[in-house]
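A.B. asks: Starting from the known structure of chain P, arrange chain X on it as the hints suggest.
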Amino acid sequence: MIFEAENVVKNFGGLKAVDNISFSVEEGEIFGLIGPNGAGKTTFLNCVAGALKPNEGTVILFGEDVTGLKPEVMCKKGVSRTFQISRPFPRLTVEENVEVGAIFGAPKDHKITAKNRVDEALDFVKFPLSRETPAEHLNAVQLKRLDLARALASSPKLLLLDELAAGLTTGELEEIMDLIKKIRDRGITIIIVEHIMKVIRGVCERIVVIDYGEKIAEGKPDEVMNNPKVIEAYLGEKRISF
Amino acid sequence: MKITELAGRKRKMTGITNILQRVGFSPSGFILLVVLAVLPFIPPFSSEFILRWLIFGAFLAAQAVAFDLTAGYINVVNFGFAAILGLGAYTSAILANTSPYLIVQTGLTPWIGMFIGAIVAGFVGFILGFLTLRLRGLYAAIMAWFVGIAILGLARNLIKLTRGSLGLSPPSLLETSSNRPYFYIILTMMVAIYIICKIVTRSHYGLAFRALGQNIDAARASGINPTKYRVFNFTLSCFCAGLLGGFYAHYFVSLTPQAVMHTSKTVEVLAIAFIGGRGFLWGGILTAFPFVFFIEYLRSALPGLPGLHLVIYGVLMVLVMIYYPKGLAGFVVWAREKIKIYKEEKNGGF
Numbered sequence: 001m002i003f004e005a006e007n008v009v010k011n012f013g014g015l016k017a018v019d020n021i022s023f024s025v026e027e028g029e030i031f032g033l034i035g036p037n038g039a040g041k042t043t044f045l046n047c048v049a050g051a052l053k054p055n056e057g058t059v060i061l062f063g064e065d066v067t068g069l070k071p072e073v074m075c076k077k078g079v080s081r082t083f084q085i086s087r088p089f090p091r092l093t094v095e096e097n098v099e100v101g102a103i104f105g106a107p108k109d110h111k112i113t114a115k116n117r118v119d120e121a122l123d124f125v126k127f128p129l130s131r132e133t134p135a136e137h138l139n140a141v142q143l144k145r146l147d148l149a150r151a152l153a154s155s156p157k158l159l160l161l162d163e164l165a166a167g168l169t170t171g172e173l174e175e176i177m178d179l180i181k182k183i184r185d186r187g188i189t190i191i192i193v194e195h196i197m198k199v200i201r202g203v204c205e206r207i208v209v210i211d212y213g214e215k216i217a218e219g220k221p222d223e224v225m226n227n228p229k230v231i232e233a234y235l236g237e238k239r240i241s242f
Numbered sequence: 243m244k245i246t247e248l249a250g251r252k253r254k255m256t257g258i259t260n261i262l263q264r265v266g267f268s269p270s271g272f273i274l275l276v277v278l279a280v281l282p283f284i285p286p287f288s289s290e291f292i293l294r295w296l297i298f299g300a301f302l303a304a305q306a307v308a309f310d311l312t313a314g315y316i317n318v319v320n321f322g323f324a325a326i327l328g329l330g331a332y333t334s335a336i337l338a339n340t341s342p343y344l345i346v347q348t349g350l351t352p353w354i355g356m357f358i359g360a361i362v363a364g365f366v367g368f369i370l371g372f373l374t375l376r377l378r379g380l381y382a383a384i385m386a387w388f389v390g391i392a393i394l395g396l397a398r399n400l401i402k403l404t405r406g407s408l409g410l411s412p413p414s415l416l417e418t419s420s421n422r423p424y425f426y427i428i429l430t431m432m433v434a435i436y437i438i439c440k441i442v443t444r445s446h447y448g449l450a451f452r453a454l455g456q457n458i459d460a461a462r463a464s465g466i467n468p469t470k471y472r473v474f475n476f477t478l479s480c481f482c483a484g485l486l487g488g489f490y491a492h493y494f495v496s497l498t499p500q501a502v503m504h505t506s507k508t509v510e511v512l513a514i515a516f517i518g519g520r521g522f523l524w525g526g527i528l529t530a531f532p533f534v535f536f537i538e539y540l541r542s543a544l545p546g547l548p549g550l551h552l553v554i555y556g557v558l559m560v561l562v563m564i565y566y567p568k569g570l571a572g573f574v575v576w577a578r579e580k581i582k583i584y585k586e587e588k589n590g591g592f
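Heads up: the sequence lines are chains P and X, in that order.
With the numbering used here, letter number 161 in the first sequence gets 161, and the count goes up by one each step, no holes.
If you want the numbering used here, it's the 1-based position in the second sequence plus 242.
What the hints contain is simulated information worked out from the structure, not anything from laboratory work.
Treat the hints with care, as some may be off.
[To be verified] Which chain X residues stay away from chain P? Per the calculated CB distances, all over 12 Å, these: (1) F365; (2) F372; (3) I466; (4) P468; (5) E587.
[Claimed, not checked] Dumping the calculated BS3-like pairs for lysine-lysine here, alpha-carbon to alpha-carbon at most 25 Å: (6) P/K77 with X/K470; (7) P/K157 with P/K70; (8) P/K111 with P/K53; (9) P/K111 with P/K76; (10) P/K76 with P/K108; (11) P/K115 with P/K76; (12) P/K70 with P/K126; (13) P/K229 with P/K181; (14) P/K220 with P/K182; (15) P/K182 with P/K115; (16) P/K70 with P/K108; (17) X/K402 with P/K108; (18) P/K53 with X/K440; (19) P/K115 with X/K580; (20) P/K70 with X/K470; (21) X/K580 with X/K568; (22) P/K115 with P/K126; (23) P/K76 with X/K470; (24) X/K440 with P/K115; (25) P/K157 with P/K108; (26) P/K198 with P/K126.
Built from N, CA and C at the ideal position, the CB exists for glycine as well.
Just chain P, same shape as in the assembly (with noise of 0.2 Å):
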């Protein structure tokens, strides 16, 4: 098990965000967590990468207790993220984006310089313009490429993707499927907050489902979504429509 979360609570004043959440995951998974607008998969998130402290619970990491450490130490630890918003630093180079996550985030490696592991993040993600260009010139969609490549770069064990996929076509759903596939055969386990459930069927193998800070449902993707509890959750009376 790479990956448990037990009980994880937190609260936002009288507002219970995330409330007692539990699911683990296996290596060499690919974990979808889902819910409706506001039911607190990036709160939960926010708790798993060190953003924010969980007020009750415990996230564990290679059966190592890591509840409440600082980002900068989950990602020594093996943890990268991306952003909802992606957000990369807008007056540095698209290659020194990169380069933060490669020299600060990756575990030293004599073998394995930074300039490799941008080289090869950059590569990785096909980042289609000149490493040169300011990160503020960037549309969303390359945006949402460099932070994955910024996440990459500092070689992670476990990969937090949080809505990678909002505001692409159908043509580049396909393309960040794929790529989320190839990451996942890199070693990496992935768990992936996502609204397209395309995305979620596409690439999950077990997904979990948040509605009000509960988990509502935990299972494949398929069945979960059959599940009344899911439907109502999302539409009150219909079933989902893909």
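C.D. replies: Chain X in isolation, oriented as in the chain P frame:
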């Protein structure tokens, strides 16, 4: 024969430019520095009167470099900068004191006192780094400002140590009435501060500073420890400020809290650094000298308007921040790029 000789010379030339580049000088930047260094021997700059302007220009330029290390890289405007410079000045001046009316009468030579002042200022910078760590942008600036006000208050009220608002008259650094040696001292300080800051910002530290300044969440998620880099940045910047404070104390040989530590002094440096262009370090140097000449000229031409230079600083700074945030250095880089492209096109046309 001739060709190999030429190639050899060219290789030698590129060797020199490489060394220069490594310490942060472009060939044209180095030429400007050489011009600056011989200026005190060329009339009218050789007059004592104008030498004082040059010294003040170098003093401001060096401050702008140290200030830009924090403002231009980690994006925190240190509003307490002048107070920390003043702390360095006061430390050195107090240690040099021999007057029996004050508590401390060590009579330490300014040459050592200056460095102790820098270390004290660096230490306060270290603490300031921790204090502002959890704060972003504006809040960090306000916190730094409060610390500055507190230091100013101490300098004013610890009368047994500082003579309060009456101020101190520290001994001068050199036993000479000529300004020229002082110019070379401050020029050396300016170059040293610039080279140190440049080497730091060229390294991984610089990348970490800029990443933290532009997006602290993504920086942390990429494994950058904000404490380490921000505290280091503040410490280095304040150390440089303290050293410059020491120079101020023993060059102007008059020190009052109002004259060195006041917020308007920070604003002066801030304006020069911002007009010069944030995140380049050398932008402030390029701006400081013409500015001092311009302001001093204005002061002598319009003696009835004493605060005019601050108004001009303010207006220019607002204009630059709104319309051209890259500043003078950004413009120079842009122009250089354009010339390069133009030359390449011209060569391609043949």
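A.B. asks: Next step is simple, just say for each hint if it's right about the structure.
C.D. replies: Checked hints:
no. : hint               : verdict
1   : F365               : holds, 25 Å
2   : F372               : holds, 15 Å
3   : I466               : violated, 5 Å
4   : P468               : violated, 7 Å
5   : E587               : holds, 19 Å
6   : P/K77 with X/K470  : holds, 18 Å
7   : P/K157 with P/K70  : holds, 17 Å
8   : P/K111 with P/K53  : violated, 35 Å
9   : P/K111 with P/K76  : holds, 18 Å
10  : P/K76 with P/K108  : holds, 10 Å
11  : P/K115 with P/K76  : holds, 18 Å
12  : P/K70 with P/K126  : violated, 31 Å
13  : P/K229 with P/K181 : violated, 29 Å
14  : P/K220 with P/K182 : holds, 20 Å
15  : P/K182 with P/K115 : holds, 21 Å
16  : P/K70 with P/K108  : holds, 19 Å
17  : X/K402 with P/K108 : violated, 54 Å
18  : P/K53 with X/K440  : violated, 37 Å
19  : P/K115 with X/K580 : violated, 29 Å
20  : P/K70 with X/K470  : holds, 14 Å
21  : X/K580 with X/K568 : holds, 16 Å
22  : P/K115 with P/K126 : holds, 16 Å
23  : P/K76 with X/K470  : holds, 15 Å
24  : X/K440 with P/K115 : holds, 22 Å
25  : P/K157 with P/K108 : holds, 15 Å
26  : P/K198 with P/K126 : holds, 22 Å
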